[in-house]
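Undergrad: Going down the list, the protein sequences come from chains E and Y. Going by our numbering, the first residue of the first sequence is number 137, and it counts up by one from there. Going by our numbering, the first residue of the second sequence is number 137, and it counts up by one from there.
Read the hints as simulated data drawn from the structure, not as lab findings. Wrong hints could be hidden among the right ones.
It does not matter which identical chain is meant; a pair holds if it fits inside one copy or across any two.
Unchecked claim - With a Cα cut of at most 20 Å, we get these calculated DMTMM-like pairs of lysine to aspartate or glutamate: (1) Lys360 x Asp387; (2) Lys160 x Asp365; (3) Lys360 x Glu226; (4) Lys350 x Asp315.
Since this is a predicted model, take the numbers as computed values, not measurements.
Chain residues, written in single-letter form:
There are 2 protein chains.
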Amino acid sequence: MTDDDIQTEERPETDESSYLLEKKTVAAILYAVDIGDAAQLTALMEPLHAADIADLLEQINTYDRRRLIALYGHEFDGDILSELDESIREEVIGLLTPAVLADAVRELDSDDVVDLLEDLDEPQQEAILGALEEPDRVAVAQALSYPDYSAGRLMQREVVAAPEHWTVGDAIDYLRSHDGLPDQFYHVVLVDPRMHPVGNVTLGKIMRSRRDVKLGDITEEIFKVIPVDQYEGDVAYAFNQYHLISAPVVDENGRLVGQITIDDAMAVLDEEHEEDILRLAGVSDESSLSDTIIEAAKGRATWLFVNLLTAILASFVIENFADAIDQLVALAVLMPIVASMGGNAGTQTMTVAVRSLATRDLTAQNALRVVWREVAVGAINGALFGLIMAGVTAVWFGVPMLAAVIGLAMLFTQVAAALGGIVIPMALDRAKIDPALASGPFVTTVTDVVGFFAFLGLATVVLL
Amino acid sequence: MTDDDIQTEERPETDESSYLLEKKTVAAILYAVDIGDAAQLTALMEPLHAADIADLLEQINTYDRRRLIALYGHEFDGDILSELDESIREEVIGLLTPAVLADAVRELDSDDVVDLLEDLDEPQQEAILGALEEPDRVAVAQALSYPDYSAGRLMQREVVAAPEHWTVGDAIDYLRSHDGLPDQFYHVVLVDPRMHPVGNVTLGKIMRSRRDVKLGDITEEIFKVIPVDQYEGDVAYAFNQYHLISAPVVDENGRLVGQITIDDAMAVLDEEHEEDILRLAGVSDESSLSDTIIEAAKGRATWLFVNLLTAILASFVIENFADAIDQLVALAVLMPIVASMGGNAGTQTMTVAVRSLATRDLTAQNALRVVWREVAVGAINGALFGLIMAGVTAVWFGVPMLAAVIGLAMLFTQVAAALGGIVIPMALDRAKIDPALASGPFVTTVTDVVGFFAFLGLATVVLL
Chain E
137 MTDDDIQTEE RPETDESSYL LEKKTVAAIL YAVDIGDAAQ LTALMEPLHA ADIADLLEQI
197 NTYDRRRLIA LYGHEFDGDI LSELDESIRE EVIGLLTPAV LADAVRELDS DDVVDLLEDL
257 DEPQQEAILG ALEEPDRVAV AQALSYPDYS AGRLMQREVV AAPEHWTVGD AIDYLRSHDG
317 LPDQFYHVVL VDPRMHPVGN VTLGKIMRSR RDVKLGDITE EIFKVIPVDQ YEGDVAYAFN
377 QYHLISAPVV DENGRLVGQI TIDDAMAVLD EEHEEDILRL AGVSDESSLS DTIIEAAKGR
437 ATWLFVNLLT AILASFVIEN FADAIDQLVA LAVLMPIVAS MGGNAGTQTM TVAVRSLATR
497 DLTAQNALRV VWREVAVGAI NGALFGLIMA GVTAVWFGVP MLAAVIGLAM LFTQVAAALG
557 GIVIPMALDR AKIDPALASG PFVTTVTDVV GFFAFLGLAT VVLL
Chain Y
137 MTDDDIQTEE RPETDESSYL LEKKTVAAIL YAVDIGDAAQ LTALMEPLHA ADIADLLEQI
197 NTYDRRRLIA LYGHEFDGDI LSELDESIRE EVIGLLTPAV LADAVRELDS DDVVDLLEDL
257 DEPQQEAILG ALEEPDRVAV AQALSYPDYS AGRLMQREVV AAPEHWTVGD AIDYLRSHDG
317 LPDQFYHVVL VDPRMHPVGN VTLGKIMRSR RDVKLGDITE EIFKVIPVDQ YEGDVAYAFN
377 QYHLISAPVV DENGRLVGQI TIDDAMAVLD EEHEEDILRL AGVSDESSLS DTIIEAAKGR
437 ATWLFVNLLT AILASFVIEN FADAIDQLVA LAVLMPIVAS MGGNAGTQTM TVAVRSLATR
497 DLTAQNALRV VWREVAVGAI NGALFGLIMA GVTAVWFGVP MLAAVIGLAM LFTQVAAALG
557 GIVIPMALDR AKIDPALASG PFVTTVTDVV GFFAFLGLAT VVLL
């Protein structure tokens, strides 16, 4: 075990109860549903945050979900819909009456409505758009005109802007007299006469400064402007890299059209990670625990099918050496070890590569050095485990040449695994294909084919 | 390929250049280093953000790094140290002269100094503590007295608090007359006479409200108080779940001691993800691209060693069926397919389980249903791929009973993989062991052993 295990012990224990729904609360809610007690149900749900209610709905089964919503449905909070996992959002929306749905949606900010609409079918989209008042409908339709996963979809249109020549006093008077300010805002965006953003001033700075100070003199040091068509993953990266709290969004002419705040960027970062981790394991990144059995099975079958082809390819390699195995059955006993160790080393390197590409630590700048490092690491661990396995084989089978063969084959396979594990994700990334999604099958093919070929081929040459 | 691929195509293209250091800039900087032109170097570095300079230092090699710092070192920004990856932070600190280091550290907020100190050796810690002025040194020492990875390490002590009975006018007068306000703050925390936080008021709300409005009447709906010893991962979860922007931190008596802001929570969320993704692949979660070859090799060897034991165990199973393989070499050709498909299905289920445990979607509430679902998914895909493989085998080897054996063995292995993939992470989690770190070896053992045993055992019984 590594040093990390020790660190794990030292960490404060995760207090799971701190934010989890209490089991007791869930049981009481389900009991209220069972006996059909709407008043009791409402009383129990009342103190829960929308995000927790959404979690509750995700965790109970379809039958309970249907009954709960029927009993509670006349006062369904729009925020619950926003927080719901996409996999059951459609189901839940289908269970609400049009009147309840309209009420729920009307409370939401326009960016939340956009988020809600994106994943729905046409008829449900129309139902929700129809429930909105005219200005909101226009705002939502406008947002939907931006590409999927773009800053335009993520931003809120409400933003507090001020001319760059204003003083602190001007800003305070404006803010204190103006009615239509957004619910949450942290910065005033300074704009030039063409509505191009030129700086951000925090409310805290405005509060602390004398009335005659120019806003232009107290802007934040860090100021990043987000193009409206920028990919949301890049937006999240910028927030995380530069510790932004909010950033103005501009159209293709550089004019201010909205802003993005860090809480939305954090949600995107979380989704991107989820996508990477699931894709690396060959699970559809749309999958969730509330998927049905059939959906879940389909979400995994693609990768299993690709893996089946890879495995059959590797078996063809083995078949070519059937005579060798016939003569020395120890080869069949040992060959999975070579392939398995190669597969694991390949996955290690590939994961580091995919992660480094995602965090932009792996760039054209250091690519060659990183490839060289990975190959060297593969050679070191290949030599180490090749030696260990040669020792094990010598003791186990008592055939020194077989020991030499497996040791060499392992070294060779580990180096190939390292090379495949780093070069394949980099090549896919350059070809604009998500390396998290597509690297696995290629790397596995390399490690399996090289592993079996190296071991069985060497054995044929040396031993038979 | 799945629907996801199509979605990938539709996404706005990642504009890598938008936040990446321009290759030209890096080349110009390295040229300035080469010719020893300090003025030119300073001019080139001047417009760069500390996070970008840190990335630059991580991406160039040790030799260039040393020369760059020697040339630039007399004006080294403390923020660069904060942004540097831990793996080279120690090296860079070692390159700075004591005077430059002292200057750099003195500019930092106390929470950033704490973050810096955590990963340093004793002598470097002392050097930095010695450079601080007395009040800062006390603040940092206090923070270091909280457990590693706790809210206390993460928080900043600077927080703007107001008595709960104050009005908007009181708050504005206080904020506008008070000198020691933190650089960045977004909320005023309301406290009762015992300094227990009772609510958050955003600066925006204060700006918009009449002077006679009571602060207690315009608090945020969502208000979460963070215990000072809470695990930082739980803090990040709370920020993400409840869309918090900042939250007060309290000591064991419930008294306000500091606050955590969302940008720090976002950084923790990012680290937690990095940890999960690397641990799942069996890579030390301390690893980074700037590790030396030896460090990187060590960071992967633990897992490879565990995997070697697993693979040898699986080989013992094969050895028991050496006679069967001797009689029918097709068994050796086909057996890796059964094990490989089991391993992949196990990894899929395990990844979903680890991720669901991390996001708290998998709870005692829905555990039984999720286990059942995973087993059903395993049975469906096992039946599907068992049938496909039976067909392939029938055509390939022309032995119908061998086709039946591999089909059944695959069904059996896929179900076992699903069961292992879901139950093992849940059991580890209940035993307070990180499932991302420890599930892999157990799941691989299950799928390898069951895969070889089911296939070779069935073959022995049915065919020989």
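Undergrad: For each hint, tell me whether it holds in the structure or not.
TA: These are the hints, each one checked on the structure:
1. Lys360 x Asp387: Close inside one copy (14 Å), not across copies (37 Å); limit 20 Å.
2. Lys160 x Asp365: For lysine 160 and aspartate 365, neither the intra-copy (46 Å) nor the inter-copy (25 Å) Cα distance is at most 20 Å.
3. Lys360 x Glu226: neither (36 Å within a copy, 30 Å between copies)
4. Lys350 x Asp315: between (23 Å within a copy, 19 Å between copies)
Violated hints for the displayed structure, listed by number in ascending order: 2 and 3.
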